[in-house]
Amino acid sequence: MVSSYLVLVWAWTRAAMAYRASFALMVLLGSVITATDVAVILVIFANTTSLAGFSRDEALFLYGVAGVAFSLCDMFVSNLDRISQHIKAGTFDAMLIRPVSPWIQMATDRFMPSRIGRVLQAAVVLGYALAVLDLDPGRLWMLPVMIVSGIVIFASLWTLAAAAQFVLTDAPEVTNAFTYGSGQLTQYPFSAYGRDLVRGVTYVLPLAFVNWQPGLYVLDRADPFGTPGFMRFLGPAAAVVLALLAALAWRQGLRHYRSTGS
Amino acid sequence: MIELDRAGRSFKVRRETVHAVRDLSFRIEAGEFVGYLGPNGAGKSTTIKMLCGILTPTSGTVRVAGLDPSRRRTALARRTGVVFGQRTTLWWDLPLRDSFELIRLLYKVDRRAHRERLDALTETLDLGPFLRTPVRQLSLGQRMRGDLAAALLHAPDLLVLDEPTIGLDVVSKAGIRDFLRRLNAERGTTVLLTTHDLGDIERLCRRVMLIDHGRLAFDGTLEDLMATAPAGETIEDVVTRLYTAGVPPERAPR
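Protein sequence lines, in the order shown, are assigned to chains A and B. Counting from 1, position 15 in the first sequence corresponds to residue 15 in the numbering used here; the numbering is continuous, with no gaps. Counting from 1, position 13 in the second sequence corresponds to residue 13 in the numbering used here; the numbering is continuous, with no gaps.
No incorrect hints appear here.
So, partial list: chain B residues that the calculated Cβ filter (under 10 Å) puts toward chain A: (1) K49; (2) I54; (3) R73; (4) Q86; (5) L90; (6) W92.
So, partial list: chain B residues that the calculated Cβ filter (under 8 Å) puts toward chain A: (7) T89; (8) W91; (9) L106.
These are calculated hints, taken from the structure and not from any lab test. Predicted model only: the values in this text are computed from it and were never measured. Ideal Cβ positions, reconstructed from N, Cα and C, are used throughout, including at glycine.
Could you build all of it, start to finish, from the sequences and the hints given here?
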């Protein structure tokens with residue numbers, strides 16, 4: 001499975017590398033676009049010393065963790081959202097006659113190595129936050145845990161969105177609102193949002209477990225919404241549950257795939 | 001090699017159930033060369049897609065090489081080659097040679113066996129002149145030869161072809177027919193072919209199956225098929241009569 005994934009990534013990378021100048025430009029452009037997200041945070045803190053109870057560097061920490069997880073998924077999984085085009089064009093059939101999971105073929109479809117720019121940008125922000133914040137070293141074990149859970153949560157969201165295309169076919173924009181919207185939402189401390197929204201993205205769509213809940217633990221902060229302390233550690237469990245749901249939805253989607261005429 | 005037992009596939013279209021294929025039963029033994037005929041919308045492609053595991057049957061059972069295609073799709077893919085005449089299964093932006101290398105890696109064919117097969121296929125299908133060309137720049141005839149080679153690089157026991165000669169000129173058609181005949185005769189590869197070109201059937205298929213409105217309307221040798229007709233009728237006449245004799249499609253309300 002892993003080897004098939006790498007083989008396909010390699011093939012698409014070679015195809016992309018045929019245009020070297022465009023590759024360099026795309027890396028640069030990707031970094032610049034995401035850098036504007038950070039600029040927004042910096043502008044906010046030029047006018048105030050705290051955002052919903054969090055300092056600039058704490059906000060950058062939360063941004064960095066979610067950004068690394070999200071941009072890695074954007075690079076390695078998000079091509080799943082191209083499935084509606086393949087279903088409509090009938091080219092999804094071709095993926096089903098090969099001895100490789102169609103999920104892997106979709107995730108690598110037109111793999112864009114230039115998206116590495118966004119990953120690097122998020123990693124730099126996270127590195128900066130870790131360097132300037134005076135964090136308890138005893139709590140840093142949570143950092144890799146939250147990044148991995150975050151990757152699994154975002155990857156599951158993309159899989160659910162792709163599975164929905166088997167039924168909706170024509171609505172990639174609707175599902176993009178969920179996937180890219182989730183990426184946007186996790187850029188700020190959740191204390192900036194209303195209580196009902198935070199409840200929704202804790203108990204329905206478990207985005208709170210990407211960076212908010214475990215982040216509170218790393219930053220040694222109490223939850224302004226007053227959730228109990230054990231919830232800081234539920235990230236991996238939430239990720240596993242969501243991944244199982246996504247896998248189930250994907251399987252069901254495949255079984256109900258209708259193909260096109262002829 | 002292939003066994004269908006009362007297999008059916010229906011689709012819900014605006015609250016109505018349309019049976020693309022219903023109660024279809026047949027067997028194809030290893031080494032056969034079978035032509036699968038039927039008018040547009042008769043259920044040919046639906047049958048093919050059930051055989052490959054692309055579509056899950058809504059009733060009955062399908063077995064290919066002893067496997068249930070929709071549940072063991074990837075295992076079956078290692079033993080079957082599939083060619084769709086209407087659209088390529090190759091990677092549009094990659095040179096043909098890179099597509100073949102990708103197939104070698106995905107099907108986990110070892111390097112030497114791949115080299116030998118690719119050399120043989122390059123020679124018999126005359127792929128040499130356009131191996132370095134991206135698939136999107138190939139002519140239809142070249143692309144079809146490329147697709148055929150791609151479907152055979154892992155040496156499948158079964159080759160399924162959905163309208164492989166559609167849109168090809170007479171020379172390209174003759175080349176592909178000759179290649180398929182030799183593949184079946186020399187390697188013993190089982191071939192199932194759908195086509196609207198009766199020349200394909202006359203020159204290649206010992207056995208003919210005719211599907212109409214999702215049901216088998218004829219199954220026998222080409223001679224049997226011709227024997228049903230008055231002397232002097234051509235295969236076109238016979239097939240036309242069978243196509244037009246069909247009953248309207250059954251649409252059961254939900």
